[in-house]
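With the hints as a guide, bring both chains together as one complex.
Protein sequence lines correspond, in order, to chains L and A.
Each step along the first sequence adds one to the number in our numbering, with nothing skipped, and position 195 is 195.
Each step along the second sequence adds one to the number in our numbering, with nothing skipped, and position 133 is 133.
Do not rely on the hints blindly, as some may be mistaken.
Straight-line C-alpha distance at most 25 Å; calculated PhoX-like pairs for lysine-lysine [stated by the list, open to error]: (1) L:K162 to A:K101; (2) L:K90 to L:K217; (3) L:K253 to A:K26; (4) A:K26 to L:K146; (5) L:K251 to A:K44; (6) A:K36 to L:K217; (7) A:K101 to L:K251; (8) L:K162 to A:K36; (9) L:K29 to L:K264; (10) A:K26 to L:K162; (11) L:K53 to L:K29; (12) L:K162 to L:K217; (13) A:K26 to L:K217; (14) L:K217 to A:K38.
Source of the hints: derived by calculation from the structure; they are not laboratory data.
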Amino acid sequence: MYYFVFEQPHNNQISRLHDHIRSTLEDLKIIKEAVKANPVQSPEELTQEGLDKKFTTIVAVGGDNTINKVASIVAQNSKIALGIIPTSPKSTFKELLGIHNWQQGCEILPARKLIVSDMAEIEGSYFFLTHVELLPGFTNEGYSSKQASFEIDFGLYQVQIKTSSLVVTNALINSENGQVIKSTLDDGLIDVVIPPQQTKNSSGLLNLFTNETEKDKKSLSIFHTQAVQISADVSVPIVSEKEIIAKTPTKFKIADLSLKIISKKQTS
Amino acid sequence: MFKGVEGQESNNTIIGSDVMLTGNLKSESNIQINGKVKGKIQTKSDVVIGEGALVEGGIKSNNTKVTGTVQGNIDTKEDLEVSPSGRVLGDIITQNLIIQKGGAIAGQIKMDQVQTADDKSNKSDEEEIIEEVEPTVEEK
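For reference, chain A alone in the conformation it holds in the complex (with noise of 0.2 Å):
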């Protein structure tokens, strides 16, 4: 899990300590954010949310770890790792939660364990994060 990523592979992206980021974010490839992200974050791989970073959004992965903070919804296909200092003020659809001495969320948690992965990637991918993690925590 996460090995892409923190292995600096070769299509990753990576979105620096000191850079804001407005929009959506699509990748195929694993997402790295370090930075500040106000929008939606959707990848076929994994993200990580690295400790200090903010993003204001759903993210739609893979798999996701959560060192920084996430004020939105997270849908994650395989694991959901939120670290010591990680922060998910949203609500969470996952197969596997790991949280951390530390870590917090608040928000639902939804363990989708009997949709299977392949049950999940028969959806369109291209739709589906704009409508699932839509709802913000100021929604709420």
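One chain only, chain L, in its complex shape (with noise of 0.2 Å):
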């Protein structure tokens, strides 16, 4: 049986949503228990919980920061296995784990086919990371296209660029026709992306390939690392779905951990 955590709703909407999973969960007999993260108790506490109950089973619905967030707990515990329900349209679960949907997350639940994934390090705490983006302009209170100066240091070389924005995946997608151009979440690299300078209202990697000049073509880097450190001219904000999860300058590396996850292919 399975432990769920479900993100914070924050509006009615999302309450009738988290209520029509559970209701299709309980279909499933799979629902052993149920929280809701809140303003007093976080994903990672509740998934903490969750494993000192003994489950081996951990659910993460949300967007992509609640399981993120629930995944670091996750991956700390070599037997336990993660599974996920998008809440989010523009989850980038989608392409990553084939769950297009949270009918589709609820639905591959039973099988428990896994997957397994690195997980990357920031300053201590784990990410399942997905992406994560450093954004010169952004505040708690809206984004402006900012440049700041990066130094983006590989090791053995590094990279000099002035940009509004810089995404650090796990996975690259392009999304423009949906097509995934980089699904290897165990290849022990994470992905540093200089978008295409002239990309407009950048809030995501999904951005990334859309509307594409030559010029912005040409201007697109991507890296493959097991390590990188980034610092620039100011502190930069490091953000996860809309939220500041630290500031530059900060070291991004591959952990010596690994991430067990239901989707609907297994791999060896």
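Printed below as a string of structure tokens:
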């Protein structure tokens, strides 16, 4: 039986969606306990409670950020599997795991087919890291296209770039046609992407490859690395699903952990 | 040839036109350079130097296509192609050389057809690039 961690609902629409999901899970007869994040208990704390109760399958229900938070705890125990029910229409798990909506997320749970993914580490915290963005113009009030001069240190080589957005990801996705450019979650590498400079309203990797001109395409950069140190001339927020999780200077690296995820397809 | 780079395959390293890279870039996969690189480039796959790109350092690869400018030596296991806008200021070792009309090379050329690819692969790739592509145009 599974333990479910729901994201904190911020409006009635999400509350109703949670009710639908819970009803579906009850029909599937796989729900043992479901908890909901709230101002007092974070998704991480609730996940730890599930582990303390000896559940071996923890299911995260919510957006990328909630899923990342639950994954960060689950990955620290190699015997535990993570289920994912994405509720965000822009979830990057659609292409990565073939889970196109919450209904599919529910349906694949009983079979418990597992794939393995790398985890990334940022300042001692673990991330499943579908992607995070470094946005000089991001504040809790909004986003502007303000630029910063970044120094990206890959060890053997260094990159200098002035840009309004950097992306660090565990899996690249081209959403223009739904094609996955890179879907290898367990290659031991994280990817640093410098989006095309003329991309407007950058608010996620899903925007990277849309409406590109030839000039845009030539300014796209992609690097693959086990570890990278990123600094800038100003302190730049590192943002995951509109939440600041750290600031530059910071180091990203592949963690000495792996995450078992319930997916449509099983890997060896 | 070069299909991997131009076809934007999964693990390609791409250096954008606004990027300045300093140091030695080593990769297992294809490398596309549209910006500026000060250092050596090494891969077991292909390298494409895009139009307007500048590499100040040597290149060691399986195939290389130069549409921009390379100031350094190129050691390519199979094919080296220099496009009409391509400039190579350095020595070349390659098995096959294609220079399109307008393309230019200033340096010595060694068509390395006697030494087979297998012979080459037995060498330690780790250190080769540092030694073999070290001399630059300025040093000659």
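Do the hints match the structure? See the list:
1. L:K162 to A:K101: 36 Å, violated
2. L:K90 to L:K217: Holds: K90 of chain L and K217 of chain L sit about 23 Å apart, inside 25 Å.
3. L:K253 to A:K26: 18 Å, holds
4. A:K26 to L:K146: Distance ~32 Å between K26 of chain A and K146 of chain L Cα, so the pair is violated.
5. L:K251 to A:K44: 28 Å, violated
6. A:K36 to L:K217: Holds: K36 of chain A and K217 of chain L sit about 16 Å apart, inside 25 Å.
7. A:K101 to L:K251: It is violated: about 47 Å lies between the C-alpha atoms, which goes past 25 Å.
8. L:K162 to A:K36: Satisfied, since the Cα-Cα distance of roughly 14 Å is no more than 25 Å.
9. L:K29 to L:K264: 19 Å, holds
10. A:K26 to L:K162: 23 Å, holds
11. L:K53 to L:K29: 19 Å, holds
12. L:K162 to L:K217: This hinted pair holds, its Cα atoms lying about 17 Å apart.
13. A:K26 to L:K217: Holds, because 23 Å separates the two Cα atoms, which is no more than 25 Å.
14. L:K217 to A:K38: Within the cut-off at roughly 22 Å; holds.
In summary, the numbered hints that this structure violates are 1, 4, 5 and 7.
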